[in-house]
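S.K.: Residue-level listing of the chains:
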Amino acid sequence: MSMTVLTVDDSRTMREMLRLALTEAGYRVVQAEDGLHGLEVLAAEAPTVIVTDINMPRMDGFGFIEEVRSDPQYRGVPILVLTTESDAEKKNRARMAGATGWIVKPFNPVKLVDAIRRVAA
Amino acid sequence: MDPLAAIRETFFQECEEQLAELENGLLAMEAGDTDPETINAVFRAVHSIKGGAGAFSLEALVRFAHVFETALDEMRSGRLAPTNEVLKTLLRAADVLADHVRAAHDGSAVDEAHTAELAEELKALDPNGATAGEESEGEEDWGDFEFKPMSVDVPAAPAGPSGWRVSFKPRADLYAKANEAALLLRELGRLGQTTVELDASGLPALTELDPEAAYLAWTVTVTGDADETSIREVFEFVDGDCELEVSPLAAVAAEGEASATPVEDPGETLDIGALLARVQAVAEPPSPQQVPPAAPAPAAVATPADPSSPPDGQGQPRKPEAGATIRVDLERVDRLIDLVGELVINQAMLSQRVMEAGFARASGVAMGLDELEQLTREIQDSVMAIRAQPVKSVFQRMPRLVREVAAMTGKPVRLVTEGEGTEVDKTVIERLADPLTHMIRNAIDHGLESPEKRAAAGKPAEGVVRLTAAHRSGRIVIEVADDGGGINRERVKSIAIEKGLVAPDAALSDEEIDNLIFMPGFSTASEVSDISGRGVGMDVVRRSIQALGGRITISSRPGKGSTFTMSLPLTLAVLDGMVVSVQGQTLVAPITAIVETLLPKAGDVHSLGGSARVIAIRDTYVPLIDVGMALGYRAGPLDATQGVALLIEGEGGARAALLVDAIQGQRQVVIKSLEANYRQVPGVAAATILGDGRVALILDIDTIVAVSRGADSLRAEKRLAATG
Chain A
1 MSMTVLTVDD SRTMREMLRL ALTEAGYRVV QAEDGLHGLE VLAAEAPTVI
51 VTDINMPRMD GFGFIEEVRS DPQYRGVPIL VLTTESDAEK KNRARMAGAT
101 GWIVKPFNPV KLVDAIRRVA A
Chain B
1 MDPLAAIRET FFQECEEQLA ELENGLLAME AGDTDPETIN AVFRAVHSIK
51 GGAGAFSLEA LVRFAHVFET ALDEMRSGRL APTNEVLKTL LRAADVLADH
101 VRAAHDGSAV DEAHTAELAE ELKALDPNGA TAGEESEGEE DWGDFEFKPM
151 SVDVPAAPAG PSGWRVSFKP RADLYAKANE AALLLRELGR LGQTTVELDA
201 SGLPALTELD PEAAYLAWTV TVTGDADETS IREVFEFVDG DCELEVSPLA
251 AVAAEGEASA TPVEDPGETL DIGALLARVQ AVAEPPSPQQ VPPAAPAPAA
301 VATPADPSSP PDGQGQPRKP EAGATIRVDL ERVDRLIDLV GELVINQAML
351 SQRVMEAGFA RASGVAMGLD ELEQLTREIQ DSVMAIRAQP VKSVFQRMPR
401 LVREVAAMTG KPVRLVTEGE GTEVDKTVIE RLADPLTHMI RNAIDHGLES
451 PEKRAAAGKP AEGVVRLTAA HRSGRIVIEV ADDGGGINRE RVKSIAIEKG
501 LVAPDAALSD EEIDNLIFMP GFSTASEVSD ISGRGVGMDV VRRSIQALGG
551 RITISSRPGK GSTFTMSLPL TLAVLDGMVV SVQGQTLVAP ITAIVETLLP
601 KAGDVHSLGG SARVIAIRDT YVPLIDVGMA LGYRAGPLDA TQGVALLIEG
651 EGGARAALLV DAIQGQRQVV IKSLEANYRQ VPGVAAATIL GDGRVALILD
701 IDTIVAVSRG ADSLRAEKRL AATG
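Same order as they appear, the protein sequences are chains A and B. For the first sequence, our numbering begins at 1 and goes up steadily by one. For the second sequence, our numbering begins at 1 and goes up steadily by one.
Hints listed in this document are in silico derivations from the structure and should not be mistaken for laboratory results. This structure is a prediction, so every number in the text was calculated from the model and none was measured. Built from N, CA and C at the ideal position, the CB exists for glycine as well. A couple of the hints might just be wrong.
[Claimed, not checked] Here are the computed lysine-lysine pairs in the PhoX-like style, where the Cα-Cα straight-line distance is at most 25 Å:
#	chain 1	residue 1	chain 2	residue 2
1	A	Lys105	B	Lys123
2	B	Lys426	B	Lys392
3	A	Lys90	B	Lys123
[As the list claims (entries may be wrong)] If the Cβ cut is set under 7 Å, some of the chain A residues that face chain B in the computed set are:
#	residue
4	Glu16
5	Leu39
6	Ala43
7	Ala46
8	Phe62
9	Ser70
10	Asn92
11	Ile103
12	Lys105
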């Protein structure tokens, strides 16, 4: 059984990119369009790793990470945030919320898979 | 298609949606919307475009999006007030962003100077100049996409015994963020030969052990040619959540032999594993994941480097992405529509054969056929609905047009749109764009008065152009209305007389004068202004609407404005028709054009000499057109009392009566293009196949009326109306 990665991003383009990169690397991919949707998919799919965007409607990445970490069941699930190099403040906020690591945009499939390997067995 | 190319298409599609979102949001803010979610959505739109553009290395797009995003971020955080001036700049920036998206899509050129100008304006919005400098640095970061992985300025490893000694002591925070010491050790193992030494001295007595605390530390020796940067990169995610020391092996060796690479007794390591396993059982933690330092440690010691094991097997998602839409090639949909059209025709033919075979209406066969007919109709409706799209896609292009024309004419204009969700066939939408563009240009250029004139007339300086869509009795009705001065009838009439379109002594109603603007030749190049003209007159607009089976009318009130109303069919594939006979031929008249049908009485029909006749309907006279003669089926006129008259309303509200031999019934018919299968025939819009398998022509009512009326009939009608 391959590892399941949950990706949370409101951009269809990014979702398709993530799906392509992750399935090519052999992961099973489940997707959500914002934080609230992410929580639903999380409960249904029990992913091994979560990759989430920050700027999203309804519930943003920070809120999503806090929600995930507040549930004892998911405290150990690694969460990677998609962020930009220049935005140190967002990276720090995400870490404070409980993010495990980050993937620097612009999106690069090699960096993505690399980051996932670093946080998940 | 190459998956990346497909994603690229998705990106451009999404860009269009986000550009629309952006524009709508900014317009809403301009109209006084202060909901924070609006500015958030606006920000996200630009942010998403930038993100996707970055992934596809669309540098110019990223650069502009970045400057734009920065200004929006200032506004989002409340440092920049959304004044009208600022919003106007942002709207123009949205237009430039749209240009960049399209340029990136189709490779067209963008106006670099204009981009630079807007970028400067956006930067100037930044309330404090200091940030502006930082931002432009950030911009450069963004422009630089290629990996520059090892560019950090760390001194290279000193020569000598190449290798590193890494001391690593996690804090509890590291585990709380779901980082895993074992995985970090494994990553180190990828960089070279490693020896791992565990320091378990911090481990308390079992009874005092807190399962969520961090007690263990490791010292790892990495030999090989890894540099310090790549070693520190392994710990990038846990920076601040652990104590970390990286020192070159040579330096360590110099400190003293004693501390160099001592190897811990493996037996003790195993003991700790077993110990922790027991602790787990005693402490009963809510989840085993919360005791991170447990089992993995020995594993990491044992295996130096075997990490490149991404999960195997093609991960086929069990649950596809929750989406309510699929994308289908338009050709497939059209093929389906064609087939359903054939099905409808076949079903009609079958019904007719069964009736001819003498089955009773109550027979099982007839009832089964009725059900089939109903099902066929439902399938047809459902298939047509697939092609239906909201008019939003074409309405969305108009705000920009309005801004541009407003800027060119110096008239402040507000565009109000309604009914954007109204759905109509995709082809209709596509062919609406040009006429709508022209009409909106006209409305601003000719319809709205100058701000001074408006002020003199006691109107607000800002003119309003209203664009609305609605479904009305099986058609879509689109209106373009302005609150300008209305049609200048005297001027229109004098132009029409000057151009010989009407006789100088013609007595025309207001409505008729207004409709003169649709006449071919009314608008000529000489008076076409830069803006509304582009060499196209309202007659071209009318023709393109007619080509879609639609009608356009105008109503105007002096001082109050003009309204253009277009009524269009919802689909171009089927038509509700009145099936009639003319001289042994079967013809179809579109029901939407028919106002009423009547049996002419001898006293109602008057000859005007020649073949021209009029018929009195209640208290007005309308031209009576003999369809048989108009289409050349017969040489002489039909005795009106022997036929049926269809009172029809052509464009401009002008009425006429079509004389046919008999009515056969009403039927929905599948339209088959005559041009595609034969050639264009004046007076015939298209063809269809009837239940008996014969081809029937569908009448082009407006052309028949126009051809038959000639120039004189209008005046003749008026004269009779005056005497009658």
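S.K.: Hints first: check each against the structure and report whether it holds.
M.R.: Okay, the hints, checked on the actual structure:
no. : hint                  : verdict
1   : A:Lys105 <-> B:Lys123 : 23 Å, holds
2   : B:Lys426 <-> B:Lys392 : 11 Å, holds
3   : A:Lys90 <-> B:Lys123  : 22 Å, holds
4   : Glu16                 : 5 Å, holds
5   : Leu39                 : 13 Å, violated
6   : Ala43                 : 12 Å, violated
7   : Ala46                 : 12 Å, violated
8   : Phe62                 : 13 Å, violated
9   : Ser70                 : 12 Å, violated
10  : Asn92                 : 9 Å, violated
11  : Ile103                : 11 Å, violated
12  : Lys105                : 6 Å, holds
Against the hints set out earlier in the document, violations occur for numbers 5, 6, 7, 8, 9, 10 and 11.
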